[in-house]
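Participant: Each chain, written out:
There are 2 protein chains.
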Amino acid sequence: MLTKQELEDFWAEANKIYLDHISIDCVVFGFHEGQMKVLMLKSNNEDAWYLPGGFVMKQEPIETAANRILKVRTGIDEIFLKQFHVFGDPDRSKIHNEMYKDMLPPENNFFGRRFISIGYYALVDFFNVTPTPDAFSEICTWRYLNELPKFQLDHEFIFRTALDTLRLQLNYQPIGYNLMPKEFTMPELQKLYETILDKKLDRRNFQRRMLGFGILNKLSQTRKGGAHKAPYLYSFDLENYQAALKEGLNSGW
Amino acid sequence: MLTKQELEDFWAEANKIYLDHISIDCVVFGFHEGQMKVLMLKSNNEDAWYLPGGFVMKQEPIETAANRILKVRTGIDEIFLKQFHVFGDPDRSKIHNEMYKDMLPPENNFFGRRFISIGYYALVDFFNVTPTPDAFSEICTWRYLNELPKFQLDHEFIFRTALDTLRLQLNYQPIGYNLMPKEFTMPELQKLYETILDKKLDRRNFQRRMLGFGILNKLSQTRKGGAHKAPYLYSFDLENYQAALKEGLNSGW
DNA sequence: AATTATTGGTGTAATTGGGACACAATTGTA
DNA sequence: TACAATTGTGTCCCAATTACACCAATAATT
Numbered sequence: 007m008l009t010k011q012e013l014e015d016f017w018a019e020a021n022k023i024y025l026d027h028i029s030i031d032c033v034v035f036g037f038h039e040g041q042m043k044v045l046m047l048k049s050n051n052e053d054a055w056y057l058p059g060g061f062v063m064k065q066e067p068i069e070t071a072a073n074r075i076l077k078v079r080t081g082i083d084e085i086f087l088k089q090f091h092v093f094g095d096p097d098r099s100k101i102h103n104e105m106y107k108d109m110l111p112p113e114n115n116f117f118g119r120r121f122i123s124i125g126y127y128a129l130v131d132f133f134n135v136t137p138t139p140d141a142f143s144e145i146c147t148w149r150y151l152n153e154l155p156k157f158q159l160d161h162e163f164i165f166r167t168a169l170d171t172l173r174l175q176l177n178y179q180p181i182g183y184n185l186m187p188k189e190f191t192m193p194e195l196q197k198l199y200e201t202i203l204d205k206k207l208d209r210r211n212f213q214r215r216m217l218g219f220g221i222l223n224k225l226s227q228t229r230k231g232g233a234h235k236a237p238y239l240y241s242f243d244l245e246n247y248q249a250a251l252k253e254g255l256n257s258g259w
Numbered sequence: 007m008l009t010k011q012e013l014e015d016f017w018a019e020a021n022k023i024y025l026d027h028i029s030i031d032c033v034v035f036g037f038h039e040g041q042m043k044v045l046m047l048k049s050n051n052e053d054a055w056y057l058p059g060g061f062v063m064k065q066e067p068i069e070t071a072a073n074r075i076l077k078v079r080t081g082i083d084e085i086f087l088k089q090f091h092v093f094g095d096p097d098r099s100k101i102h103n104e105m106y107k108d109m110l111p112p113e114n115n116f117f118g119r120r121f122i123s124i125g126y127y128a129l130v131d132f133f134n135v136t137p138t139p140d141a142f143s144e145i146c147t148w149r150y151l152n153e154l155p156k157f158q159l160d161h162e163f164i165f166r167t168a169l170d171t172l173r174l175q176l177n178y179q180p181i182g183y184n185l186m187p188k189e190f191t192m193p194e195l196q197k198l199y200e201t202i203l204d205k206k207l208d209r210r211n212f213q214r215r216m217l218g219f220g221i222l223n224k225l226s227q228t229r230k231g232g233a234h235k236a237p238y239l240y241s242f243d244l245e246n247y248q249a250a251l252k253e254g255l256n257s258g259w
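Listed in order, the protein sequences are those of chains F and C.
Here the first sequence stands for residues 7 to 259, where the numbers follow the numbering used here.
Here the second sequence stands for residues 7 to 259, where the numbers follow the numbering used here.
Any given hint could be a false lead.
Think about it this way: if two alpha-carbon atoms lie no more than 20 Å apart in a straight line, the pair counts; the simulated EDC-like pairs of lysine to aspartate or glutamate are [to be verified]:
| # | chain 1 | residue 1 | chain 2 | residue 2 |
| --- | --- | --- | --- | --- |
| 1 | F | K88 | C | D95 |
| 2 | C | K230 | C | E39 |
| 3 | C | K235 | C | E39 |
| 4 | C | K22 | F | D26 |
| 5 | C | K64 | C | E19 |
| 6 | C | K48 | C | E12 |
| 7 | C | K224 | C | D204 |
| 8 | F | K64 | C | D160 |
| 9 | F | K88 | C | D131 |
| 10 | C | K10 | C | E144 |
| 11 | C | K64 | C | D15 |
| 12 | C | K64 | F | D26 |
| 13 | C | K64 | F | E14 |
| 14 | F | K64 | C | D97 |
| 15 | C | K64 | F | D97 |
| 16 | C | K252 | F | D170 |
| 17 | F | K64 | C | D26 |
| 18 | F | K252 | C | D170 |
| 19 | F | K205 | C | E253 |
| 20 | C | K205 | F | D170 |
| 21 | F | K64 | C | D95 |
| 22 | C | K88 | F | D95 |
| 23 | C | K88 | F | D26 |
| 24 | C | K64 | F | D95 |
| 25 | C | K235 | C | D208 |
| 26 | C | K156 | C | E144 |
| 27 | F | K22 | C | D26 |
Here are some chain F residues pointing at chain C (derived, C-beta under 10 Å) [as the list claims (entries may be wrong)]:
| # | residue |
| --- | --- |
| 28 | I23 |
| 29 | L25 |
| 30 | D26 |
| 31 | H27 |
| 32 | V62 |
| 33 | M63 |
| 34 | E66 |
| 35 | F93 |
| 36 | G94 |
| 37 | D97 |
| 38 | R120 |
| 39 | L174 |
| 40 | I202 |
Worth flagging that the hints you see were computed from the coordinates, not collected in a lab.
Each residue gets a CB set at the ideal place from its N, CA and C atoms; glycine is no exception.
Between the sequences and the hints, there should be enough to build the whole structure, so can you do that?
Facilitator: This is the structure in structure tokens:
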């Protein structure tokens, strides 16, 4: 819990460096070996969980701001990051206004203002991440998708929209470059897809389709050491992968 | 051209009622009988064209703001309107700052601030629209896509992104409800698609695919009066149409 | 060393969807 | 009445998707 003085200092500083009324909320999906989690923070003020977020500096591109915000929360750079929606209801920050109303009059409460929030979703390997709380949270941690706590504000809606968007975009967009090791097996990649979509896919059809995209290199080595038959290793063909990111995977009309 | 006093009044008022740093830019695509145009405004200050846009009032939802802005520019309500991207480069408003620098110091120049702009695209029948200039434009009019003037600011990029997004979304989303008359023929609907995509489609394949979506009712009447064979009339099955808008047209994984 | 359990590699038949294509029907005009 | 233009409709072919089954490799067990 912050003291009144600390809050005042934060707001005074925020007023100087950040754009008013604009915030960024990030839904960080973490993956590792068939698991999928979301990065969440627990308020140090009450029993409420929220998504990582922050503000845009006065002369900072929003893309840069999103990366900066995630850098301090996760410790990693160069995250796969995608803008997916803007959340702009006038009363979405009401709770913040309530929360701090005893400590500062609303006109000084930076948080209590109306914020228009730009939603990003991020995809990371959660083994690479060091979850780091901010000044307003006591906990920053991964949560399983099926064991999510109650969200603060409209963060439940933001999370849901991000997940829907991610699943939709899986149809037109390659995925996995930042989530898989350099070399990986087809079953491992399939597990990533199954985890995101929360459904089983057919091994053979998955492989055929994925190879059809032309974004994978089949290596001659196999993954030794595991139990059972050694699967072949693949790597992403980065050039084709990037092209597919731009052009999309299916043509349509 | 506005006087200095008029500008000052506008800015003073804008400061009172609008959220700082947030703007909305709308790419309004107009369709009618196989033609496709974009709504544009010509600055009364210089030979520069820009997209309809405006600001968000302090307690107004952004969706409402976008509708309000388009209402005054087009005269119509209930426009098909879709948020598609946020443009937030810090220097995207630079030109505005330049433009008015002789009339007001930058700190009073509402326009000269850094704006983060939420991009919407709209689809309308341009026969229903009365293009109406704003205080900063002498002309508000439709322009053909292949005869576009030079754009101000980053509006060329915004326009291009909107068009790309529209064409992409044509693959997963039904279209035409607000753009076609209540009853229309298959060739008329096809012409809409061809116009948007700027390419010819096969009559028979188009019909088969479109009917496959299950969003059309085939009526028993035909369109009499035209030359040549009378085509059947169709109407949208609004229930299935709405469902397809939500669910998407193709499944993917 | 043989057996078993488990997972990975691969092929094939049936179905579906899309693309290319041709001919018959209707209507106004010459 | 012939013609031009346009619409309605069906079929063939290929590509993609689906469902499904058998063989191979490895480790643990016996």
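Participant: Run every hint past the structure and note whether it holds.
Facilitator: Each hint, compared with the structure:
no.	hint	verdict
1	K88/F - D95/C	holds, 16 Å
2	K230/C - E39/C	holds, 17 Å
3	K235/C - E39/C	holds, 18 Å
4	K22/C - D26/F	holds, 14 Å
5	K64/C - E19/C	holds, 12 Å
6	K48/C - E12/C	holds, 19 Å
7	K224/C - D204/C	violated, 26 Å
8	K64/F - D160/C	holds, 19 Å
9	K88/F - D131/C	violated, 32 Å
10	K10/C - E144/C	holds, 17 Å
11	K64/C - D15/C	holds, 18 Å
12	K64/C - D26/F	holds, 12 Å
13	K64/C - E14/F	violated, 24 Å
14	K64/F - D97/C	holds, 11 Å
15	K64/C - D97/F	holds, 11 Å
16	K252/C - D170/F	holds, 11 Å
17	K64/F - D26/C	holds, 12 Å
18	K252/F - D170/C	holds, 11 Å
19	K205/F - E253/C	holds, 18 Å
20	K205/C - D170/F	violated, 31 Å
21	K64/F - D95/C	holds, 11 Å
22	K88/C - D95/F	holds, 16 Å
23	K88/C - D26/F	violated, 25 Å
24	K64/C - D95/F	holds, 11 Å
25	K235/C - D208/C	holds, 18 Å
26	K156/C - E144/C	holds, 16 Å
27	K22/F - D26/C	holds, 14 Å
28	I23	violated, 13 Å
29	L25	holds, 5 Å
30	D26	holds, 5 Å
31	H27	holds, 5 Å
32	V62	holds, 7 Å
33	M63	holds, 9 Å
34	E66	holds, 7 Å
35	F93	holds, 9 Å
36	G94	holds, 3 Å
37	D97	holds, 9 Å
38	R120	holds, 7 Å
39	L174	holds, 7 Å
40	I202	holds, 9 Å
Hint compliance for this structure: hints 7, 9, 13, 20, 23, 28 are broken, all remaining hints hold.
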